[in-house]
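Protein chains: 2
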Amino acid sequence: MSYDFALVFNMAVHLRFPTAVLLLVCSGVLSFPVGQEKRDTTTCGYQSCHATKPTMLNVHLVPHTHDDVGWLKTVDQYFYGDRNDIQHAGVQYILDSVVDQLLKNPDRRFIYVETGFFYRWWKQQSSSMQQTVKQLVNEGRLEFANGGWCMSDEATTHYSAVIDQMTIGLRFLNETFGICGRPRVAWHIDPFGHAREHASIFAQMGYDGFFFGRLDYQDRNHRMKVKEQELLWRASDSLTPPMADLFTGILPNGYNPPEGFCWDQLCSDAPIRDDPDLEDYNVDDVVWRFLHAAKSQALVYKTNHIIMTMGSDFQYENANLWYKNLDKLIRYVNAQQTNGSNVNVLYSTPSCYLQELHRANLTWSLKTDDFFPYADNAHNFWTGYFTSRPALKRYERISNSNLQSCNQLEVLGGPVSRKGLFGLGDSETLRKAMAVAQHHDAVSGTEKQHVANDYAKRLAKGWQHCQVLVSNSLASLTGSSAERIYCDNLNVSVCPLTESSKKFSVSVYNPLGRTVAWPVRLPVNGTAYSVTDTRGKYVDCQVLPVSRATQEVRRNRGFASNELVFQVQAPPLGYSTYSVSLLKDQPSSTLLPHGAPTVIQNKFLQVTFDPDTGLMTSLTNLETKQTIKLTQNFYWYNASDGNNYESQQTSGAYIFRPNSSTPLMVNSKAKVESFQNSVVQEVRQWFAPWVSQVVRLYSDSKAVELEWTVGPVPVNDRQGKEVITRLDTSIKSSEFFYTDSNGREVLQRKKDFRPTWQLKQTEPIAGNYYPINSRAFIKDDMDQLTVVTDRSQGGGSIYNGSLEIMLHRRLLYDDYRGVGEALDEKSEIFPDGLVVRGRLLLSLERPASAADAHRPLAQEVVSQPLLSFTDGDLNQSTRLEFSGLQASLPPAVHLLTLSQWDKESVLLRLEHQFQSWESKVSSQPVTVNLQKLFSTLDVLGVSELNLSANQWKDEMRRFDWTPEKEEKPLPKTFEDLSVWEITLRPMEIRTFLLRVTFK
Amino acid sequence: MSYDFALVFNMAVHLRFPTAVLLLVCSGVLSFPVGQEKRDTTTCGYQSCHATKPTMLNVHLVPHTHDDVGWLKTVDQYFYGDRNDIQHAGVQYILDSVVDQLLKNPDRRFIYVETGFFYRWWKQQSSSMQQTVKQLVNEGRLEFANGGWCMSDEATTHYSAVIDQMTIGLRFLNETFGICGRPRVAWHIDPFGHAREHASIFAQMGYDGFFFGRLDYQDRNHRMKVKEQELLWRASDSLTPPMADLFTGILPNGYNPPEGFCWDQLCSDAPIRDDPDLEDYNVDDVVWRFLHAAKSQALVYKTNHIIMTMGSDFQYENANLWYKNLDKLIRYVNAQQTNGSNVNVLYSTPSCYLQELHRANLTWSLKTDDFFPYADNAHNFWTGYFTSRPALKRYERISNSNLQSCNQLEVLGGPVSRKGLFGLGDSETLRKAMAVAQHHDAVSGTEKQHVANDYAKRLAKGWQHCQVLVSNSLASLTGSSAERIYCDNLNVSVCPLTESSKKFSVSVYNPLGRTVAWPVRLPVNGTAYSVTDTRGKYVDCQVLPVSRATQEVRRNRGFASNELVFQVQAPPLGYSTYSVSLLKDQPSSTLLPHGAPTVIQNKFLQVTFDPDTGLMTSLTNLETKQTIKLTQNFYWYNASDGNNYESQQTSGAYIFRPNSSTPLMVNSKAKVESFQNSVVQEVRQWFAPWVSQVVRLYSDSKAVELEWTVGPVPVNDRQGKEVITRLDTSIKSSEFFYTDSNGREVLQRKKDFRPTWQLKQTEPIAGNYYPINSRAFIKDDMDQLTVVTDRSQGGGSIYNGSLEIMLHRRLLYDDYRGVGEALDEKSEIFPDGLVVRGRLLLSLERPASAADAHRPLAQEVVSQPLLSFTDGDLNQSTRLEFSGLQASLPPAVHLLTLSQWDKESVLLRLEHQFQSWESKVSSQPVTVNLQKLFSTLDVLGVSELNLSANQWKDEMRRFDWTPEKEEKPLPKTFEDLSVWEITLRPMEIRTFLLRVTFK
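So the sequences go chain by chain: A and B.
If you want this note's numbering, it's the 1-based position in the first sequence plus 26.
If you want this note's numbering, it's the 1-based position in the second sequence plus 26.
A hint or two may mislead.
One copy or two, it doesn't matter: identical chains are merged, so the pair holds either way.
[What the hints assert, rightly or not] Here are the simulated DSBU-like cross-link-like pairs (lysine-lysine), alpha carbons at most 30 Å apart as the crow flies:
{"#": "1", "residue 1": "K563", "residue 2": "K697"}
{"#": "2", "residue 1": "K946", "residue 2": "K728"}
{"#": "3", "residue 1": "K130", "residue 2": "K160"}
{"#": "4", "residue 1": "K483", "residue 2": "K354"}
{"#": "5", "residue 1": "K458", "residue 2": "K528"}
Honestly, the hints are just simulated from the structure, not real lab data.
Looking at chain A on its own, in the form it has when it is part of the complex (with noise of 0.2 Å):
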């Protein structure tokens, strides 16, 4: 029965029955999505459009601003308008003034982008106010570009974050507006560089086209020079074209009007005074010169369509300034055409620009690379950023991680999660803030430190929210009304609950579709104890020495002289709830740690040591008997001060400029300690105040776990520090190195060089750098030595099989690029300076199958277990296991999304996570049944969706666009088996509303 409602529902979508229908089988579709039946009377969209005069250059004139999500100012301080004192800038101001003025004069166009503002905007507004945008859009006059929640940075963003925040943006337009609602192109102006699998989400997401205005100063001079400052950019190297193909426009001045012509309340160019009885009249001058603009832009493009980005940061305050001066450039300059101009100049948008390219019918040049790094001078390379606020990096992944659960708790816990037990919990705070963290100066770690501190305590406020409504769903769960007690602070071993408590109980939920192991560390005050699992068995357990290390970065947040290990394990999508009994709190001589080790192995790997300096070196993969030279050791850059003879250049947030190229050790040997047992072998290497390491086997891992404490980085010799990890080893990598794109597929990077111009290298280490989100490797034809990350972080490969990160960065100057402020990061609680804790986890394996462990390994560290403590008994009626699903999906496949979307509706995401090359086994298609998907919920009802879910699948089309030297890629639909029984194919990501209950 279920079948056929699916069915029905499928086809009545597609069919687009009047909506009465759709609600007999699927109401929880009732409001999605708005104003689709509106589609054959709105002239919004390209038939909006201003016409064009095919015998001119068309100057397409695109009022605009561009709000930053935060950055020199908090998120609500630039909606308000608050603190201008720091930067004038007031987004509710900018939306009131545009739409005033667009009514005045039909002609005129705006775009808006950043749906997080323009939602705080208009749930401030009166219905009538409402009911006039609404016409606005519908008449194609206020147009949305982009349209996610913000615009999202793209060297340090998760695609899974990245895709959230997109989708609630996107939703937002789309339930407010319905299709008119729906941006056309994809508008990343202003982020420094661009990531392939940006592009390739973009595509997924129905976008016709995408425009950017940052790309390395080289590239762009060499694309002017032939012309090819729009092209067709290929963004996966799995997906078929042109699924992933998304035709891109490189803007003509960043994203600022050409120079002279900007007429903000922030600019100061001259106004058009053209009244002949004031002083100055200057139409003759302005025509002059804009003609003069439009002319020479012209000469580096391929049509005879430009397009003038008028506006900037925050303009469109008093957008009069603006659209008077404008209108006045419009019937000034057209009125040369009587004299012979043949320059046409209109009003338009991004959208009706590109439907112009669309229809000159061209060919455009195919790329399939990224564009990173990217600079906008010789010795002005914005990598800095890649690792800039590493602790907020780390947070922001974390709270990812901790949203997935929370949304999926939220399905499987059912409505008694959001109102239950502990009151009112929701997804949507931890939702709204992982949204506005995206943001280009978020995550991206160039935003002002009091900035950076509203983006956390956004997080802190969301997760909080989160965390009533996980209690309320596994008080469902579970049947138990027991407290549950969230340890944040658990990689600092901090836990007052663990730290005090006799008998505590540990629930670790699983938001993975597969069952998982973890090892867990809790920090303790006893010496020995019991650990029980599901089924009542003892589970293998010890304690060690809370290291110095930690007890310096806790700074008295805790006091735990010890930690508990051991493994736990989850079913998929599910928990298991671990009991913990004191047995013992006397101090143990069997802590004391062991002396400098030659070696640390469990039944995987091998990792040795030199006795001498403490380091690493070498590598051994038992299973699969390979071995590697690995020394490994931390080393700072010495920062720009910008006191330099080819350049003023600074580091800072952005820039990464190091003084030479020749990183400082920070010691050639680490005082060493070792402590080894059943669960975890480990080695404690201090190399200096501010920098110690722990490597780490666990008993059951194929990785080796790194993890590194930076900080206080010192500056009292005035010298700004930019701190690196550094691996050399055996393997022969020559010049290349291999890093992925938003934590998704994995792009080739080669030394000093770039795929699509001869790069004429002016930073050795700088312009090296990429950005590594969730791992970089390098391999030969044996070796392929993998790391995993916990954030994104900057890194390159500047020698033979070496890979370096880096991790930390303290500096003492501004780099000019707007944040105003030295990188300098100090709290409360470091007021000497930030102290930062991560993991990098090192996998060694045959190249052919690398993935196959990478993978995995990546996800389990990107969507950590969620714990959560219960102190005392457990109640017995209470249930210690519970898993989502009906079982565990296979290999290749990643559940990226399990949200509510309304009542009955949810939204699901799955995903093949391997590259089609990655691996033999796992770059297989793999077929999964929906039906058979969860345990606890019936799927009545299924339909498939674009990727951002604003767009029925099967009513997606997007402009088709002609590589060179190729065909034009038809869009293809792949069968599957049936509506339920879908298949996904190497890197695809498949969307789907499930209409739901329980069963």
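Chain B: place on chain A using the hints.
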């Protein structure tokens, strides 16, 4: 018959007959005042005020913008928002924005002040926008305050030009908006001190009250203490109260909002953040702060109504910011009334606030002096601008004289004046240029250099337009089509025509209402000339060599070696033409100077000199037989460079702060040469390369002329210099001296004294400086020495018997009042520093009759003859003499205004130019018959207006106010002998609209 017309005309207006009736008798008045008939249907003015709450503290929020008619930018740059790099300000956008925002909420109010800007905006608007604005004005939502073309300076302006600029501003408002466009309050929030004559003028213009923002800080503190920040200003000692009584309110924060409540885009105060879902909700904080501010303010005012000026310089360019937050403020503050708050906030206007003060029916302290000098702190006396930019100040004064002549000749010449033989001429350009020049950063000298240049350029352009008109008019009056040449540089002996011509004529137009004789000096290269008058009679003339000082100051603009000097005479409002022929052009020994003289004299005066020093030693009036000792010399104060332990204040465009109270003498001796002939006796004194003077006695003059030339003031010693001349006499002036107010009534000044509070003198020189607009004098029982100036200057009497006048200032530092430039004038002609030349006229009389001499003398300087030249022989038929009047006016009467109003009517202002106490003879009422006034015009109708000509005199009703310790003065009207025979009482100005035709 014309008598009848007049009666009907007058009554028609009085009885408010329908316009159609008026048309029959005086079609020229058809369009005036527009909208009178609307009176009963509008709700503007006091009717449109929001209700207040009698039991509460009512806070009147007055949204306003203060738009300088030029300051850091030119008036047109301000209008358009050009050069925002200098200062962000664009008036066109302010008005756009305010209108938009007023439409959004009928409660909102706004006042606009500067009609010069409003006019520019208005003429660019569509008729539908004009209709919208009329509606706003009719509903009292947009109200005009002050309403002059600009907000005039009070220290350096002449009443004639102030009345003119007010008249054209108010006329525009009247013609555009009718009765609802009439401002009810005068609003001088920014001028740097306040002149009593301004208050008198405002009273006579019908204003109900006056508000300003700046007064001496000691005065302010005193008034706050005694709650006298609102007062009744009795602004004339001659006019019968309440004719010149003006209720005056001192605004609480200058003209700014209270601290923390500035929501303009130019401010950075926190907006009201009232969305509880966003961070930083601050409503409670804002309300608390506001209540606190209101209650604090109420403590220093008398009633339960207080005013807050919500705006400032060029604010409201994006009015949404202000209004959005003010709406919220009003809502949230008044919401507290339900919690017991007794504060009531409302949108208001100055007139609505004034109405409540009037309703309070209190008595108010009476003030009879003025508000000069203005100090904003102990060492910050704004007395420098009394003299700043002396050349501009003189040019403005000459331009006024030219404008009055131009106005008169436009009337006398008839329509052919505007469109005649020499093309299109007009008086409007100069009238507007003059109106702009009255601005408190124009003639005041407190603008940037480029803006000063712009003012001068406008005046020059205006004069060009007038020259065409004057040529047309004189062509018509003379019957000659000969081209007329104007020589604007006669003061430095430059006039290409007279320098080279062998035969030419000069027409002397006299703008005064009585026959006047002046000396004329023409640059020539011959040594002997014959001059004949209108009757062909030879006129005594003499040739003198051009002085060394003149040769230097003219800087190659002319090449005359000699000056031809003779006396001319012209009839009232008429011209005389003199013919000049070269007799001899060879150098002659008669031109050689004599040495140092001991005496020069004519039949009226004798001046003695010390042959050793070359300085004057005494002055004798030969008629009255009075002699005083008199030395005169030049000094300079060393301007403070801010390097001072008491205060960092520098001398600058605004501030006068000598770093020592003892000025440095330029030279204790002058090099002297003298010339004595039948026309003139002159002693040329040379003090330094940058200071020289000519002491002159023309044969028929009752005043000694001191023609000073100062500059380039040397500053290579890095010391700014403020150059004065000081007259030291034997007069026992004690600590008193006298200065005029705006060229009209004279006020007594006392050293180190202020009439209304106990002065703590902190600047012994600057704190004793006062503006001198046309004259200053010192006196004792026997002698009065009056100095008539040719422009506004600052001066003081620091020592007994001494009078000093500041002539020129060259400064090296900005004085921190915004102008951002040192007052260091240079130009193309004077790249090494400006040279300024001017004249002081000394008159020695008995005090009781001194005014009989200095009143006409000053008028002759203010209204100078207008010379025009024609080359060659005059046509036989040329009319050589003409007077527009039937006869000279009585000596007490000055014809202040005669200008074309519309096609058939002219505006006439007659004034009694003596104060009631000044002269036994002249301070008597005097009667003039308007019908017998003009020689060529028939006066068909007459109607009296208020001083600003925007209201019928008999409809003028002003609020009545009761002074403390006095009866409330009742409005009094004096009866004229008849409609035509009007009587002028001391200091009375009467304004008439006359319907005229040519006889």
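Is it within, between, both or neither when you check K483 against K354 at 30 Å Cα-Cα? Close across copies (28 Å), not inside one copy (46 Å); limit 30 Å.
Classify it for me, K458 with K528: is the Cα-Cα distance of at most 30 Å met within a copy, between copies, both or neither? Neither: 38 Å inside a copy, 92 Å across copies.
Can you give me the call for K130 and K160, within, between, both or neither, at a CA distance of at most 30 Å? both (16 Å within a copy, 19 Å between copies)
Intra- versus inter-subunit Cα pairing at 30 Å for K946 with K728: The answer is within: 20 Å in one copy meets 30 Å, while 118 Å across copies does not.
First find the shortest C-alpha distance between K563 and K697 inside one copy, then the shortest across copies, and answer within, between, both or neither for a cut-off of 30 Å. Neither: 39 Å inside a copy, 120 Å across copies.
Checked against the numbered hints above, the structure breaks hints 1, 5 and satisfies the rest.
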